[in-house]
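Enquirer: Each chain, written out:
Protein chains: 2
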Amino acid sequence: MEELRNGERAVLKELERIIEYEFTDKKLLFTALCHTSYANEMNQINRAIESNERLEFLGDAVIELLVCETLYKEFPESSEGEMSQVKSAVASEETLSEIAKKIRLGHFLFLGKGEEKTGGRTRNSILADTLEAIAAALYLDGGFQTVKNVLKKYLDNYILDYISGKKIFDYKTKLQELTQELFKCLPKYKTVENQRGFTSQVIINGTVYGIGQGISKKEAEKIAAEKAVKLILNSREV
Amino acid sequence: MEELRNGERAVLKELERIIEYEFTDKKLLFTALCHTSYANEMNQINRAIESNERLEFLGDAVIELLVCETLYKEFPESSEGEMSQVKSAVASEETLSEIAKKIRLGHFLFLGKGEEKTGGRTRNSILADTLEAIAAALYLDGGFQTVKNVLKKYLDNYILDYISGKKIFDYKTKLQELTQELFKCLPKYKTVENQRGFTSQVIINGTVYGIGQGISKKEAEKIAAEKAVKLILNSREV
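Top line first, the protein sequences correspond to chains A and B.
Quick note: the first sequence uses my numbering, first residue 1, plus one each step.
Quick note: the second sequence uses my numbering, first residue 1001, plus one each step.
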């Protein structure tokens, strides 16, 4: 990669101040902040820049390990099932984008012009992905302890809220809330028994929003509700 | 937890020799080898023993990070999509149970009598889960570098095979092979377009084995095939 420009260096410096960590390899941090749309735009003017997609892939695993380790060590009474539910909730786009907003990550993103115009700077999926890329950059630059030093305090609040039940990851309830808010009606479940157990469809205003398979009616409905919730939340962002 | 028995200590020692790592905390290794069925049996005779389920949860994240880091660092040309596919294939039950067999993990398991009778010692799901628990025990006892020292060489072979295309993770092809072998016929796909894109059913001998949702017909079929493959492989083991 080519040298960083002065304006870019200034952006990195400001973010380093907020996360209280100074990168040895500034280009790692820069790459973590480069959305595909920016990399594409730069490549068109022959500036070789990598997007943050590969870092995001690594960072997803880094954050998951941090969450799993915290749950394992600090909540010894929690079962595998509970830990697994909390992990999904904490390592989700919803949570990670909230943390990204706390460190004002949107402000530091490098975006292409098109993405900028359509509100990419505040889009949850982009913010969550970039936070993952930042986690990977921290990991590669300073090791796992550095990731812990910078990100654990943010994740811990969510872990505690989910473990203590302050936050809800009951998808059937969540779907009900969303449906009432957005469609002014309640979701309906249509569940049939078959060779694989039960198949459940969640129907909102006549449209199937999620299909779930499970060994019980309850499980099939829960899975269908989860899919519907994710579909609705994702489509709201785009 | 109570003290380890002499017979148990001997088992641990033999496994330590094979993996070429000596645990500081022997109880961690012991817990990693204790299947739920053994923990339940011991609890019934008032011996307080924890099963390996919580370690397995942590170990899943440890192995994923090891695979992701290897892909990121050693295959800089691989895209996020490729890395993601290879990660799923390598961190799968199929691969992890193969590695478990290479270190003869089945031989060292602590199983309840019922599980022993029904062939638990050779069951892929149990072997893969135990390998994950071992990864967590290594992580807690010696840190991430210890996990690397012990497990990376095994995982690397699979990573290389998948990246180079020697091993196949094309689920539609895999399903075709399985269906011909087990049902002497080919799978059929029934795909319909709907509000969410496409929904595809894989039908074998008149029975639905998997349902997939996708933004294209191809994607919906691929997901349906993946679900069917997993369903068939899981039901063969039980």
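Hints are supplied without guarantee of correctness; some may be wrong.
In the DSS-like style, the derived pairs of lysine-lysine whose C-alpha atoms are separated by at most 30 Å in a straight line are [unchecked claim]: (1) B:Lys-1148 x A:Lys-227; (2) A:Lys-190 x B:Lys-1073; (3) B:Lys-1222 x A:Lys-222; (4) B:Lys-1027 x B:Lys-1013; (5) B:Lys-1073 x A:Lys-73; (6) B:Lys-1188 x B:Lys-1222; (7) A:Lys-27 x A:Lys-167; (8) B:Lys-1217 x A:Lys-73; (9) A:Lys-73 x B:Lys-1027; (10) A:Lys-217 x B:Lys-1152; (11) A:Lys-166 x A:Lys-230; (12) A:Lys-190 x B:Lys-1218; (13) B:Lys-1152 x B:Lys-1174; (14) B:Lys-1153 x A:Lys-227; (15) B:Lys-1073 x A:Lys-217; (16) A:Lys-188 x B:Lys-1172; (17) B:Lys-1026 x B:Lys-1148; (18) B:Lys-1101 x B:Lys-1152; (19) A:Lys-222 x B:Lys-1101; (20) B:Lys-1190 x A:Lys-230.
Covered stretches of chain B, going by a simulated chain A footprint (3 or more residues, C-beta under 8 Å) [unchecked claim]: (21) 1012 to 1023; (22) 1054 to 1060; (23) 1080 to 1086; (24) 1190 to 1202; (25) 1206 to 1212.
These are calculated hints, taken from the structure and not from any lab test.
Every residue, glycine too, gets a C-beta built ideally from N, C-alpha and C.
Enquirer: Now tell me, hint by hint, if it's right for this structure.
Expert: Outcome of the hint check:
Restraint check for Lys-1148 of chain B and Lys-227 of chain A: not satisfied, since their Cα atoms lie roughly 36 Å apart, outside the 30 Å limit. Note on Lys-190 of chain A and Lys-1073 of chain B: the hinted pairing is violated, with a Cα-Cα distance of about 47 Å set against a maximum of 30 Å. Taking the CA atoms of Lys-1222 of chain B and Lys-222 of chain A, the gap is about 24 Å. The hint holds against a cut of 30 Å. With a C-alpha separation of about 12 Å, the suggested pair Lys-1027 of chain B and Lys-1013 of chain B falls inside the 30 Å cut-off, and the hint holds.
Among the hinted pairs, Lys-1073 of chain B with Lys-73 of chain A is consistent with the structure: their alpha-carbon atoms are about 29 Å apart, no more than 30 Å. For the hint pairing Lys-1188 of chain B with Lys-1222 of chain B, the CA-to-CA distance comes to about 12 Å; that is within 30 Å, so the pair holds. Using a Cα cut-off of 30 Å, the hinted pair Lys-27 of chain A and Lys-167 of chain A is violated, with the two alpha carbons roughly 37 Å apart. With a CA separation close to 44 Å, the supplied pair Lys-1217 of chain B and Lys-73 of chain A exceeds the 30 Å bound.
For the hint pairing Lys-73 of chain A with Lys-1027 of chain B, the CA-to-CA distance comes to about 16 Å; that is within 30 Å, so the pair holds. For the suggested pair Lys-217 of chain A and Lys-1152 of chain B, the alpha carbons sit about 42 Å apart, so the restraint of at most 30 Å is broken. Among the hinted pairs, Lys-166 of chain A with Lys-230 of chain A is consistent with the structure: their alpha-carbon atoms are about 20 Å apart, no more than 30 Å. Distance hint between Lys-190 of chain A and Lys-1218 of chain B is fulfilled; the C-alpha atoms sit about 27 Å from each other, no more than 30 Å.
For a cut-off of 30 Å, the pair hint linking Lys-1152 of chain B to Lys-1174 of chain B stands: about 27 Å separates their Cα positions. Taking the CA atoms of Lys-1153 of chain B and Lys-227 of chain A, the gap is near 38 Å; set against the 30 Å cutoff, the hint is violated. Proposed proximity of Lys-1073 of chain B and Lys-217 of chain A is contradicted: the alpha carbons are some 45 Å apart, above 30 Å. Restraint check: the Cα-Cα separation between Lys-188 of chain A and Lys-1172 of chain B comes to about 33 Å, which exceeds 30 Å; the hinted pair is violated.
Distance check on the hinted pair: Lys-1026 of chain B and Lys-1148 of chain B sit about 19 Å apart at the alpha-carbon level, within 30 Å; holds. Proposed proximity of Lys-1101 of chain B and Lys-1152 of chain B is supported: the alpha carbons are some 16 Å apart, at most 30 Å. For the suggested pair Lys-222 of chain A and Lys-1101 of chain B, the alpha carbons sit about 36 Å apart, so the restraint of at most 30 Å is broken. Proximity of Lys-1190 of chain B to Lys-230 of chain A is assessed by CA-CA distance (about 25 Å); at most 30 Å being required, the pair is judged to hold.
Three residues within the 8 Å Cβ limit are the bar, and the stretch 1012 to 1023 of chain B against chain A gives 0, so the coverage statement is violated. Counting residues of the stretch 1054 to 1060 of chain B whose CB falls under 8 Å from any CB of chain A gives 6; the rule of at least 3 is met. Note: the stretch 1080 to 1086 of chain B has 3 residues with beta-carbon separation from chain A under 8 Å; the three-residue rule is met and the coverage holds. Taking a C-beta to C-beta cut-off of 8 Å, the stretch 1190 to 1202 of chain B contributes 4 residues in contact with chain A, enough for the three needed, and the coverage statement holds.
Figure legend: the stretch 1206 to 1212 of chain B, annotated as covered by chain A; annotation consistent (4 residues with Cβ-Cβ distances under 8 Å, at least 3 required).
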